[in-house]
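Mind docking chain B on chain A? Use the hints.
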Amino acid sequence: MTATLTRPAPAPGKKKPVLARTRRREAIALVLPSLIPILVLSVAPLVVGIFLAFTDARLVRHPDYGFAGVDNFTRLAGNDLFWDSLRIGMIWTVGVTLLQLAAAMGLALLLNSGLKLQGLTRVLALIPWAMPPVVVAIMWQMIYSANGGPLNAFLGGVGLPDDVNWLGDFSTALPAVIVVGVWVGMPQTTVTLLAGLQQIPAELHEAASVDGAGAWRRFTAVTWPSLRPIVTSITSLNFIWNFNSFSLVYVLTAGGPGGKTMVPVLFIYLEAFKNREIGYAAAMGLVLVVVVVLILAVYLRSQFRDDRAAKGR
Amino acid sequence: MRVLVRPAQYAALALYILFLGFPLLWLVSASVKSSGELNSLTVSLLPGEWHWDNYTEALNKQGLVRSAANSLVVALASTALSVVIAVPAAYVLARLKGKVRAAGVGWILVSQVFPVVLIILPLFLILRTLGLADNLAGLTLVHTTYMLPFALWMLQGYVAAIPVELEEAGAMDGASRLTVLRTIVFPLLAPGVVATAMFSFVSSWNEFFFALVLLQSPENYTLPITLTMFIGGEGKVALGPLAAGAVLAAIPSIVFFGILRKKLTGGLMAGAVKG
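Chains A and B, in that order, are what the protein sequence lines are. Residues in the first sequence are numbered consecutively from 38, following our numbering. Residues in the second sequence are numbered consecutively from 4, following our numbering.
Excised from the complex, chain A in its bound form (with noise of 0.2 Å):
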């Protein structure tokens, strides 16, 4: 990329490049083939989908329905079980966000620190990032299971409780899945990290020890200011994806015990195709993605502001 960016402009006189003599009808017949599905199957439902949260559509074959106004909106201000899977949800995302960000830091750090056993540990950390979603919750649930789970019998084996219901539990099932969310995420993010670890001068390190910092002290005044660019980026998309993933909760528990792991994007489901309530589950769906961006945009203004000031001082 940035072979085309440093080219210098073409002397004038000189054939014009190949670039500039794409007529913009080429480009358009290039580019069509990939925006008439963009359109019709991903920017045209989205379209709709904010229509229909304002009107009372219902699952059915031969839909009749309504302008419902903001009628889905007061409804959902008094549903109680909805802003309860907002708060499990917010406790999954940030809980598996955060969790995901230290223990790839953790990894990230000690494969920058020249250790053996590196390419196995690469291989490793991105073999939980290629499976299917369902592959791993069907082999987390033989992990957590309560009846000859290697977990318990571990637990057992070194004196602690042995006989947790992981999934089943109230108080254990929602930490459970975070861990399993963790698993998943944490390779991609250790990659990310990995990738900026290496790209800070060596000379930076060398120059703090020399001042007598120890590891502590060159982590927080070199590496995490180095790599607070990165950690902004990965932790908005984490943040994201994570509270957009579906299919590991769903396998894993289905949001039980009792609701407790019941995350929002589950809840829109079950409410849209068991209930068969269209527009309401699309008034869902919208309340989310406010949420979303408003955080989003909090987070990233305070990540903007703290670098204006670090650059002020």
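Calculated from the structure, these hints are not laboratory results. Remember, it's a predicted structure, so these values are computed and weren't measured experimentally. Backbone N, C-alpha and C define an ideal beta-carbon position, used for all residues, glycine too. It cannot be assumed that every hint is accurate.
[Said to hold, decoys possible] Lysine to any residue pairs mimicking SDA-like chemistry, simulated, CA-CA at most 25 Å apart:
1) A:K153 - B:L263
2) A:K153 - B:F22
3) A:K311 - A:G103
4) B:K102 - A:A81
5) A:K153 - B:G261
6) A:K153 - B:D137
[Unchecked claim] Some chain B residues close to chain A (C-beta under 10 Å, calculated; not the full set):
7) V35
8) V95
9) T148
10) Y149
11) L226
12) A249
Then chain B, alone, in the frame of chain A:
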């Protein structure tokens, strides 16, 4: 203190390896254990005796093979489709400057935050109107559409890495644009196309949410949906065949990711890092 740093680092690394690798090891081990061993109260990491029956049993389950075939058809078709329509668009995206490029890149970024919940309902209604709900062709189109942004992103990176000067040299020798594309651009782009195709294949093969919503007839189920049906049933789950089926479902993805490892960690992430 100093002396202890390395051992502590290795201990931490061992914990990571255990955390990342153990679940997979357990799944593979469960897939070759006998049902007696799976249901016994003593828990062992490695099977006492290797049983391959779970695999034959999983493959004999009518639904599994058919749904694997469905997954394969959808993944191959949507990969081919998305690559064919993404290559020309990615070329334009990489070579054009200004508004078109900004709009394209902007849309690719926005697609990452697309609220799937909000889209899934209308998408279902639109496909039903078109007669494409509960239909592998419909699922293929959906997978193609949702793989496109990423395919475009990867491919435009590969196009941008091809020096424009090569094309200009070809053009000055009097070659037509098509000839330039065919003889200069495509050969250089081939490795990137292969990488993009593998990534698209894995995305489609693994995809669950759209398939769950769109497919209703068991004969149309893709592999992930069929696997959940094995757990979903009431009564006792045959753990061994389920584990075997899960291993089989994961193999293509893991093999492709293994091949792609270098490219993914290198090229792809460079973009994220440069931000």
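Hint check results:
no.	hint	verdict
1	A:K153 - B:L263	holds, 22 Å
2	A:K153 - B:F22	holds, 18 Å
3	A:K311 - A:G103	holds, 21 Å
4	B:K102 - A:A81	holds, 22 Å
5	A:K153 - B:G261	holds, 20 Å
6	A:K153 - B:D137	violated, 50 Å
7	V35	violated, 13 Å
8	V95	holds, 5 Å
9	T148	holds, 4 Å
10	Y149	holds, 7 Å
11	L226	holds, 8 Å
12	A249	holds, 4 Å
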